[in-house]
Every structure is written in structure tokens, then in C-alpha cells.
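One line per chain: the protein sequences are Y and U, in this order.
Counting in our numbering, the first sequence runs without a single skipped number right up to 561 at its last residue.
Counting in our numbering, the second sequence runs without a single skipped number right up to 215 at its last residue.
Source of the hints: derived by calculation from the structure; they are not laboratory data.
Predicted model, so just to flag it, every value in this text is computed and none were measured.
The beta carbon of each residue, even a glycine, is placed where N, CA and C say it ideally should be.
Some hints here could point you the wrong way.
[Stated by the list, open to error] If the Cβ cut is set under 8 angstroms, some of the chain U residues that face chain Y in the computed set are:
| no. | residue |
| --- | --- |
| 1 | Thr119 |
| 2 | Gly131 |
| 3 | Pro134 |
| 4 | Glu139 |
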Amino acid sequence: MSERPPVTLTIDGKSVTAAAGTNVLEAAKLVGIRVPNFCYHADLSWEGSCRMCLVGIEGRPKLVPSCCEEVREGMVVHFGRPDAEEARRRQLEFLLVNHPLDCPICDQAGECKLQDYYMEHGGYDSRMPRGLKVHKRKVVDLGDRIMLDKERCVLCSRCVRFCREVSGSHALQFFTRGVTTEIGTENNQPITGDDYIGNVVDICPVGALTSKDFRFKQRVWFLKSAESVCTQCATGCNVRVDHKDGTIYRYVPRRNEAVNKSWMCDYGRDSYALLHEARVTMPRLRLDGGAWHDADWDEALTVVTVRLAEAKAADPASIAVIASARQSNETNWVAARFAREVLGTPHLDYRVDGSQAKTAEMQDKLLRRRDPHPNNAGCAALGLAPAAGMGDVEAILAACEAGKVKVLYVLGLELWTGRSDTDRVARALAKVPCVVVHAAHALPAVDGVAHVILADAEVHEQEGTFVNAQGRVQRFERVMPPAAMARPAAAVLADVAGRLDASLPAGDGSALFAALAAAHPSFAGLTWAGLGRFGAPLPQATPQTVGS
Amino acid sequence: MSDTTTSVVYTPIPRPRTRIPLRPEALAPVAPPPPKAGQTPPGAPSSERPSYFHTAYGLVVTMKNFIRSALSRKADPTVQYPEERRQYSPRFRGIHQLTKRTDGTLKCVACFMCSTACPAECITIEAGEHPNNKYEKYPVRFDIDMLRCVMCGLCVDACPEEAIIMTQDYEMSATSREQTVYPIALLADRPQLATTPPGYRPRYEPGETLVR
Numbered sequence: 014m015s016e017r018p019p020v021t022l023t024i025d026g027k028s029v030t031a032a033a034g035t036n037v038l039e040a041a042k043l044v045g046i047r048v049p050n051f052c053y054h055a056d057l058s059w060e061g062s063c064r065m066c067l068v069g070i071e072g073r074p075k076l077v078p079s080c081c082e083e084v085r086e087g088m089v090v091h092f093g094r095p096d097a098e099e100a101r102r103r104q105l106e107f108l109l110v111n112h113p114l115d116c117p118i119c120d121q122a123g124e125c126k127l128q129d130y131y132m133e134h135g136g137y138d139s140r141m142p143r144g145l146k147v148h149k150r151k152v153v154d155l156g157d158r159i160m161l162d163k164e165r166c167v168l169c170s171r172c173v174r175f176c177r178e179v180s181g182s183h184a185l186q187f188f189t190r191g192v193t194t195e196i197g198t199e200n201n202q203p204i205t206g207d208d209y210i211g212n213v214v215d216i217c218p219v220g221a222l223t224s225k226d227f228r229f230k231q232r233v234w235f236l237k238s239a240e241s242v243c244t245q246c247a248t249g250c251n252v253r254v255d256h257k258d259g260t261i262y263r264y265v266p267r268r269n270e271a272v273n274k275s276w277m278c279d280y281g282r283d284s285y286a287l288l289h290e291a292r293v294t295m296p297r298l299r300l301d302g303g304a305w306h307d308a309d310w311d312e313a314l315t316v317v318t319v320r321l322a323e324a325k326a327a328d329p330a331s332i333a334v335i336a337s338a339r340q341s342n343e344t345n346w347v348a349a350r351f352a353r354e355v356l357g358t359p360h361l362d363y364r365v366d367g368s369q370a371k372t373a374e375m376q377d378k379l380l381r382r383r384d385p386h387p388n389n390a391g392c393a394a395l396g397l398a399p400a401a402g403m404g405d406v407e408a409i410l411a412a413c414e415a416g417k418v419k420v421l422y423v424l425g426l427e428l429w430t431g432r433s434d435t436d437r438v439a440r441a442l443a444k445v446p447c448v449v450v451h452a453a454h455a456l457p458a459v460d461g462v463a464h465v466i467l468a469d470a471e472v473h474e475q476e477g478t479f480v481n482a483q484g485r486v487q488r489f490e491r492v493m494p495p496a497a498m499a500r501p502a503a504a505v506l507a508d509v510a511g512r513l514d515a516s517l518p519a520g521d522g523s524a525l526f527a528a529l530a531a532a533h534p535s536f537a538g539l540t541w542a543g544l545g546r547f548g549a550p551l552p553q554a555t556p557q558t559v560g561s
Numbered sequence: 004m005s006d007t008t009t010s011v012v013y014t015p016i017p018r019p020r021t022r023i024p025l026r027p028e029a030l031a032p033v034a035p036p037p038p039k040a041g042q043t044p045p046g047a048p049s050s051e052r053p054s055y056f057h058t059a060y061g062l063v064v065t066m067k068n069f070i071r072s073a074l075s076r077k078a079d080p081t082v083q084y085p086e087e088r089r090q091y092s093p094r095f096r097g098i099h100q101l102t103k104r105t106d107g108t109l110k111c112v113a114c115f116m117c118s119t120a121c122p123a124e125c126i127t128i129e130a131g132e133h134p135n136n137k138y139e140k141y142p143v144r145f146d147i148d149m150l151r152c153v154m155c156g157l158c159v160d161a162c163p164e165e166a167i168i169m170t171q172d173y174e175m176s177a178t179s180r181e182q183t184v185y186p187i188a189l190l191a192d193r194p195q196l197a198t199t200p201p202g203y204r205p206r207y208e209p210g211e212t213l214v215r
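Whole structure, please, built from the sequences with the hints as guidance.
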């Protein structure tokens, strides 16, 4: 399709040039006309079942659905023609004939296309007597994720097409005919074995399919949104984070044609809950075998600084720094400079759990990858991996076990959560006199070996960038301020460097990214604004990171 | 006598039509304007003789009301609270009430319309799955913070189910802040509801029964 030349058409008197193969509805978007539609979805096949996008086209005797009409050269389209407007209004009235109008208890209210289009294109008085509506089953439990209300459905078939074309589960189907047509599963059985079924809630334009996880938690008009990236695998699906009063309520996938289309997996969708779990909200100290106690930042960083200064004066190689594939490029870059320039140690690595080798491997056929971390590719691009046999994680652990490491400075918890040989880690770290950990979540295994735990900001509490498996640099926004006294690791590292009479770049994610792009060849030429909402590929994507 | 002392007609001070924005300089103390030529400066002793007639007239009015209310209970404006209670309008906006369906369940479907409309943000709702599938959604928690509430009645206007109305109950004294947050138990089932008539409920239609 793409080799055909673009075509020029006229929509409501405005001239548009659109790529051949697109439909009139998408072409209208280019001139700012939002054609109402229920069944059309950019990442699904064209169906034309809802008839909400009817437009007049010169030379055609009847109104045609613009979502199923491919653009042609010289086409003259009338969106705002009175007969087209009237047809859309009457079609909306038909769709609402049997709608239960239970907006007060419907989770979709506030982001419902029926509501929006009624205000925009409807505005008529209902002619349907109350008792004559056709009733269907409500509150149909379709497994762990989905609640179905058959009455609210407008039969747009988006969910049916999603199950057929994208997830391949064929879980949702149409049943019966005529006015009693309804969406459902075979015998109303719960849906199992579809790891992407959560997406049907997002694509449902009305309240027929709602999320059981989000059910009745909040009304959507109270929620504030920020744009972020899912951190549960190396794909880096673009998400919108919906939150209120310091609590995240849901992830909704953001459309990014280059990465995740409009989808995300259910595992990633649920991961918002992990962000709030067992947070470390204050720096904690355990001095000379004593008990843990909460500290303020000044006390904690004084301890860290003194231990680092002592070890550095004795032998810089007795310090080891472990970066993290769950931290942003900016944090890892600051950590690398902290290790190499401030401390002067050769022991720096991020490959804690071997996940970096699996970055390109897909776990399923759609989005999810075997690498559970969002930024292994970024760490590789930053050059955090030392040459083989030179101070990698295994060498660091061996040195710890031999008692050669005096201070171990760890970002993140993957050393404890990602490895199968937990005994060996515990044994090796027990020999280290000072283990400093930047941790956002409490973990008993860490409490057993660490001496200083620095409360780290979670990904939603700072801004920065990740590099996904395709080598695409993607921004994530700061959704909310850090919990209690937690601080982003990059800021803490700069603070410690300052106490060691050195200097590291400090600032928020955008400032650090500008410094990173100016200093590091892998990121040369990229700008924070240039990354935009959808990211940009690394100037030269390293071959090992490019996915299948 | 000059004009100012003979005038007994109360003339209201004309209010400015436009709203005057509050500026920092407006808050600063303003020096009194200098007295005009031929006028007594404010605060200076008056050179005029006092009028005893008006004092006596005022005393007559006072004595007339005193004697009238002493002779007749009907003319006495004092309400002997708490033995006696003032009758308020049926549209009085007193403490809220959560109404019930005929089967005794709360009418409220936890749609959050009232808390969305509330200008004082005093309504806290948590929604839950109703054990009866027919009703689907109901409030697990419904609190009104009476200290924040401004008794405007917008929640009643916003309610699509007539689930929240106001009553003529106005006694909400409490000995702690916690007691001023009314949960469902107080909003729907407080004993005062048996004795106080309903207040503001704009959706009421004559003949309608109110389940309380």
C-alpha cells in the first residue's frame, strides 16, 4: 500500500493530502474534524457496523460510513452536511433505544462515547417509552478481569475483533440475532488463557466491558493523568497513569504505533499496584551490628560518605557499585560517573540477573519479553558493562566473598529478587563491612545484609528515560512527588559526590538527559523535547538490542 | 436643628454595583478625610441640644412591647427552647438524610454526583458491590463532614435517585471533631429522623411516600 502516491481530497471544503490506503475518517482527523465512531479502531480491521461515521460523498447516492471508505484522488466529502448530521443523530438515537441509561453506576461514565456524542451530536428528547426497552443480562462475571453488562453494549464488535485479530483467543463473540443480539462468551463462561483481555475494557467505547480491578474504585473525572512507560519488561509499552491523591488507580495503554500499538499485557496492567507495595519511605541505618533505625538524610549520607572516603583512601578498588536495569538512563549515567570519576573504582556492573541476554526474546507472540527490566538496553548503550572478567557482578561477588570489598553500593533490588542463588549472594555480602542499597521497597533479604538503606523514589516519582528492546529512548513523566522522604537515586548520588568534594550533574530528568545527550555518544543529538510523547530511536541502535 | 438630626427615615447606604477587587493598598488604614469648611470634625462634641422627645418615644415603644408580651403568650417572640421548637419551612436545609427503598436498602447507588457537586468537598464515598445483583453498586462508606458542610443543598439537587435529602433537623452540636463526621448510620438511621419532618427535597411529588 505504501508505495502508492498520497492522494488529495476535499473534506468540508478543506483540502487534505492523505496516504493512500487510509480511510476518510482518518483523513478528516488531519483537518481537525473528529468524526464520531464506535466500531472503528485504528489498530483493528474496518467493520462499519455502528454507522455513526456516516458522511456524504459527491457522486454517491447514499451516505457512506467514512471508516470503511478508502480515500481516493479528487474525492469530495461532506461531513457537516445537514442530511449527514441528521443521519448521525438518528443513528445515535437508535443506539440509545435499548440503552439502560444507568450512567450513575457505570464505570465508563465520564469517558463514554455515548455520553460524549449525545452532547455533541444528539441533543434530542428521547421518544422511547420507559417500559418498552429490551432488557438483557447485567453484571455478567467474565473471569478475573472483565465484568460484562450486555444492556449497555452498542454491538460495535471491537472486542470481538480484538479477540480474533490481536489476542487470538476468540473469547468474545456475538450471540443470537436481531434486537436480542448480544456480546458474550460461550455459555457465559469466564475468559481464561488470554493475557491481553484487559485491552477490551479500554477499546469498549461504552460501559459494556468494564475492568473488575478498577470496578467502583473511582469516578474517572476525579482522576489525573500522566504519561509514563510500563516497567515490567523490555518492551516498554507506553501507558497513561491515572491517579488521585497520591494513589495510582490504573494503567491505560497509550497508542504508540512503533512500540505497543494500543495494547498492553495484563501483567503490566496490574503492575501499578506493585508501585505502592511496602515502600521504604525513610533512610534506614544499622550501625556496627546494631538494630535498624530510621535516620534523616543528613545522618545516612554522612555515614555513607565517611565509609566511602575511608575505603577510597585505602584502595579505590575496594569499592564496588552495582547499577540497575530498573533505573533510568540518567540515574545509571550518574551512577557510572560516580563510580568511575568520583570513586575511581573499576568495579561497576548492571548485569545482576542475566536478564540482559534475554532482552530480544519474546515471551509471547504479541508484546511481552523475557527480560523483566525496562532499561537493560539503556544500560548497555551507556556502556555500563565492563569487559569480560573485569569486575563484572560475578567478580564483584567473588571479591566480596574473599573480603576484598569494603563498601558495596547497590542501586535497586535485583541482586536479591532476580537471582536464583540467593544463598551465595547472602554469603558474599555478609563479608562486606558496609552495604549501601538504594531501595524503593522493603525486602527482608536486604535487611539481613545491608547496613544503609536509602529510600529511593519509584519510577512514577521521578522523570527520566528508558531504552526499550528496540533501542527506542522513551520518556516517563513524574506522576507524583516521592513518598514521604524518598529521593531519586540520581539526586542522592550527586549529593554524596558533593560531600566527597566532587561534582556530578544534578537536576530533574530533563536537565540530566540534556547533560547525558551532550556527554555520551550513544545519546548524541537527542533532546528531551525531541523525544516527545512517543520516544525516538537511539542514534545508532546496538545490534544486540534490536528485537525480532 | 440641622437636617441630620431631624431625619428619622432609614435610608440604606447604597452598595457599590461592581465588585471591588481586594488590593493590598485597600487593606492599609485610611486616614480620615480633612473636614470640609463649616463642618464639625467627627468626634468633636456636638454643639446641638439633645432631643428628649425621641428618647421618650423609644421608651414608649419598649414599654408597649414589654407589657403586651407579659400579658399575652401569643405576642411573646421568645421561643422556649428546648421545650418549644420553631417551625421551619418545608424547604429548610438542615442535616442530610439518606433515604431508603421500600425493601429497606439505601437508595444511594454511590454515583459520586453529590460529592462532585459539593462545593465544600465534605462528602466522602467509597463504593462497593451490592450483595443483591439487582442494585449492583452501593456505598460501603458515605461520610458527610458537618464542619465543612455549608448546607447549600447542591448534593440534593445533584442526586439522580433522591437518595439524599435534607431534613428540618438542625441540632448538630458535638463534643469532638470526630463526632461531626456523620457516617451512614447517622445519616440514614439517627433517632431524630422519627420526630423531624423532611426539609429540602426538590424532586418530591405530592403523594409520594418517603421511606425513612
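For each hint, the structure was consulted:
no., hint, result
1, Thr119, "holds (7 angstroms)"
2, Gly131, "holds (6 angstroms)"
3, Pro134, "violated (12 angstroms)"
4, Glu139, "holds (5 angstroms)"
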